[in-house]
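Given chain A, work out where chains B and C should sit, using these hints.
Each chain, written out:
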Amino acid sequence: MIAKLALAIFGGLALLCGLPLVVETYTLFNLTVFAAMAIFALSLGLVWGFSGILSLGQSVFFGLGAYAYAIAAINFSDSTPALVAALAAPTTLALLIGYFAFFGRVTDVYFGVISLTTSLILYSLVNSTSDQSFVIGKAPLGGYNGIPSVPPINWPFMPEWTLGFEDMYYLTGVLLLIVYVGLRLLLVSPFGRICIGVRESETRAELLGYDVRKYKLGMFCIGAAIAGLAGALFAAWGSFVGPDSFSVSFAAQAIIWVMFGGLGTLIGPIIGCVALQAITTWLGQVKIIDPNIVLGLIFIAAVLLLPQGIVPALQGLYRRFMPRRQGSGAA
Amino acid sequence: MILETRQLWCRFGGVAAVAGVDFQLEEGEVRCLIGANGAGKSTFFKMLTGQLRPTSGAISVMGRDVTRLAPFEIARLGVGVKMQVPALFDGITVRESLALGALRTLERRRVGDAVQAMLKQIQLEAEADVQVGLLSHGQRQWVELGMVLMADPKLVLLDEPAAGMTRGEVEKTIALIGRLRGRHTVVVVEHDMHFVGRIAEKVTVFHRGMVLAEGSMDTILRDSRVREVYLGRKAGGVRG
Amino acid sequence: MELFLITAIHVLYAVASLFLMTAGLAVIFGMMGVINFAHGEFLMVGGFAFVLAVQAGINTWVAMFLVAPLVCVILGLVVERLIIRHLYGRTVDTILATWGLSLLLIGIASVTLGYDQRGVGQPFGSIAIGAYREGVYTFFVIGMAAVVVALLYGLLRWTSFGLVARGTMENAAMAWALGADVKRIYALTFALGAALSGLAGAIFAPIAGVMPVSGTIYIAKAFITVISGGPLPLSGAVLASGLLGTVSELTTIVSTPVVGHVALLAAAILLLRILPSGITGRFFRGGV
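Chains as they are written, first to last, in our numbering: chain A, 1 to 331; chain B, 1001 to 1240; chain C, 2001 to 2288.
These are computed hints drawn from the structure, not numbers from a lab. Certain hints may be false.
Said to hold, decoys possible - Derived list of chain B stretches under chain A, where covered just means 3 residues or more per stretch with a C-beta under 8 Å from a C-beta of chain A:
{"no.": "1", "region": "1066 to 1076"}
{"no.": "2", "region": "1082 to 1093"}
What the hints assert, rightly or not - Chain C is nowhere near these chain A residues, computed Cβ spacing over 12 Å in every case:
{"no.": "3", "residue": "Ile2"}
{"no.": "4", "residue": "Phe10"}
{"no.": "5", "residue": "Pro20"}
{"no.": "6", "residue": "Tyr26"}
{"no.": "7", "residue": "Asn30"}
{"no.": "8", "residue": "Ser77"}
{"no.": "9", "residue": "Asn154"}
{"no.": "10", "residue": "Met158"}
{"no.": "11", "residue": "Gln315"}
Cβ atoms here follow ideal geometry from the backbone N, Cα and C, with glycine treated the same way.
Chain A with its partners taken away, still in its complex shape (with noise of 0.2 Å):
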């Protein structure tokens, strides 16, 4: 176990301060939203994989955590609080939304939909913030346009010196790389190992004594904590915030990501992510066919074909070659 985490760590180090030098800047600029992404699908794919829990708009942590970002940041000049902010804020919902779900018992679907509505409310809501009497403090909300000028991360309490391109990428790299190896480590632990039996079984682990609402509530918080992580990362990258953070399709998005990868594995949401937003981008640029099309097909072909996902299609392919013990729960 510690091997293999070691193994992720040296291997993702590798990684990161290999690129940039074979492939260029403009590559390196997408590949920091890209880690950023994949935190976000990270966070889905804690919630859901290893909860159980379907949040179909986890997007709206996403979004209150880029927003509050921008708006912190803009109001202190300081990225300091406003990644604090960040965490905060979807933190805080996460908490209203779980004790409401959670503690009144309210099944899976019927999580998902509440979720989903979720998302639908806060997307209305700021997108009809355009007029400019919307303002928190310095900061304008600017409904459908968003709020541009977004500050850039600085040194902790040091506002003058900021981050730059590079400095984003191996910042976004590294939380991403923190981020994986704590939450492998989080599913290690007693913790961790529960939620998963509630995943398995709510029944059964409340049979055993353990207080099935907690249990989801917390690892509702953290994955919010982590796609509000996300959303500040993305919105200091692009140094603009919108509505579209909030949206159902950016939601349904993330929930691509995590199935396509493997639901259930850690390292799933990361690939899915990564690969599904590469192909995205290279085919809007190249235009030579409609990126939805190829999207769609790719999408019906893996359901068909490989109905977990990637990751565990990959893993039983090597596990037929090179036979050995099954584990537990996480990958």
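Showing chains B and C alone in chain A's frame:
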């Protein structure tokens, strides 16, 4: 007294599935609840586990009133439950499932040994690292039993533990329950009369939501009310 | 007095629109347990079929009641055969596959028909109600919703297809054991849902125009309405549309459409909190 119910009722619409049951269980007993389908045993059982709210009446476990408690709260008092419909962690291994049963009550470093010991008890050492979902039906029942016992519950509630098992598997289950005698108090809901005869010290017969008769297996079989309900008056009168 | 009448008409219209938007999805979800995330695109395809047919010279009513539903039926049968059939019981996979289908349809529509909006004018003019003018098309939509409700009820309650389909809905294994051709039932049910969506798309086309991405505005509302309605396809859709449409429209009237939209969503959340299985999970059991 480890378990007691007073005037326990459970009504669904106009139907009373459990109609005023007074039930007492002493520590260390192995009690079987029997009765025809629809007699109210399972409904009664679900109220004991906290999965169903009684319409009226009271339940107390180890002296505490548990009538309105959630299943996890009742479990924490030291009650282990195995439902009729298997509730298992299908996607993880046997070893991990047993570990989850112990994580709440044991220190982390003691869990490993405890799991190993349980694997031996339920005779699944060879299958320790197999996914639970891949096991046979009988093996899954034992995994569930194992999980329940990991927390060393004082009161063990089993709903049809022998359901769907082969003769050999039933024998093993009888032996397992036999080993529980003394350290745990056991309540078993069962249909298989052979099974009941082998394990029960005392039997409670349910009928139409009420307790019809209670006593040792012999007493029950001789009870005229029981014979009337199960065999009909004429048929019951012939055999001894 | 006229204000009350106009308000009532607008509420009925909102309810009717919501119902029409939802009916196809309700049939497919209620009777097959399939969540068709490409539902919005079926509406879009119906809308385009209608607009293109009218522009090609076909009579408006033929285009609306025949061409649009027929095109969607064909599409539905193809989709069911190639995709849905392989995924019965796999809810999450169905969501993914139909989302992929939705992207595919949007892509194909964008490429073949262009990215901008097509439309036809609204047939009928307007009539006066006191000091207000109301488009006759409004009443047409309300009327059409009523007709669809009646037809669906008749189909489900009184035809042999309806009987077998309802039996299959209750217990597919049992229906199969009793000799029902479950595969065919599912194919026909999916086609029925597709036809309803096509019809709805055609009905909305004169109001809102059609674009390749038109479907995306329908799917969320329809999905939420279906879940709020509960397991019964027709009653659920009617009751949920009634409740949510009324809340939404009344809120819109006193404030803005955005708030009305939010009110609909909030109402759905509250409803599901009180009735986790939807309206017909608790009431009207045993109906359609």
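Results of checking the hints against the structure:
no., hint, result
1, 1066 to 1076, "holds (count 5)"
2, 1082 to 1093, "holds (count 8)"
3, Ile2, "holds (33 Å)"
4, Phe10, "holds (34 Å)"
5, Pro20, "holds (33 Å)"
6, Tyr26, "holds (26 Å)"
7, Asn30, "holds (21 Å)"
8, Ser77, "holds (32 Å)"
9, Asn154, "holds (36 Å)"
10, Met158, "holds (41 Å)"
11, Gln315, "holds (18 Å)"
Checked against the numbered hints listed earlier, the structure breaks none of them; every hint is satisfied.
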